[in-house]
Amino acid sequence: MTTITNVLEKSKMLFDVAGITRLENKTLLLLGLESTVERNLDDFGHEDGNFRMYGFEKHIQYRLDELLLFIYNSGYAAETAGRLGYPLAGEINLKEAAIRIGIGKRGKNTVVLHPDFGPRLRFMGVLIDVPYDIPDTTLKEQENPVCRDCNICIDSCPVNALEPYRMPDHSICLSNITPVDDKGHTILCDLCLKLCPAGNPEKHT
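Each residue of the sequence shown is one higher than the last, beginning at 0 in numbering that gives the first Met the number 0.
Be aware that one or more of the hints could be misleading.
[Said to hold, decoys possible] Using 25 Å as the maximum straight-line C-alpha spacing, the simulated PhoX-like pairs for lysine-lysine come out as follows:
1) K25 with K11
2) K9 with K25
3) K9 with K57
4) K94 with K193
5) K94 with K25
6) K94 with K9
7) K193 with K9
8) K57 with K94
9) K25 with K182
10) K11 with K57
11) K94 with K182
12) K193 with K182
Hints in this document: simulated from the structure, not taken from any laboratory.
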């Protein structure tokens, strides 16, 4: 019978990182994939009045389909935590789950910084009913040593939305997003991510 170990192994074949944690009465399988120039997972927009996740549709959908089929064929129920595994309504905070699991640490830009992928991981979630006893991994969050002597993200923010490890008002950040370009794609600022020196991009090119 398939165990959570098998599910994790399959997940890591399809995604760059994977981990598990408990979420009420289900197991949350957290998946992460690096966003790159060639695989832009931050490609969002609107088409015919509908919000589109172009990057996720192109690069995430088929991976999720294969993983869900694997879980289903193993005799377990599973569902994505929101559209394409991305909970838009905020009912599940994937960033906090990633930190709790230990996939990365919070950066001064508030995103999860991974040792290799830096701020470039984008997270998805799958809720599964695979039984698994997960120990309490809640750790006291400490300053990220990667960020200790760096303030690039804070200094580069054009709307001064960031404080160290905090974004007090997310609406200030969102105010700097260009709604759409001439093709209907949302233009993100993302300077705090683009300029972040954390991680080792050469290792995965």
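Next item on the list: Run the structure past the numbered hints and jot down the numbers of the failing ones, going up.
Entry: Violated hints: 7, 9 and 11; rest satisfied.
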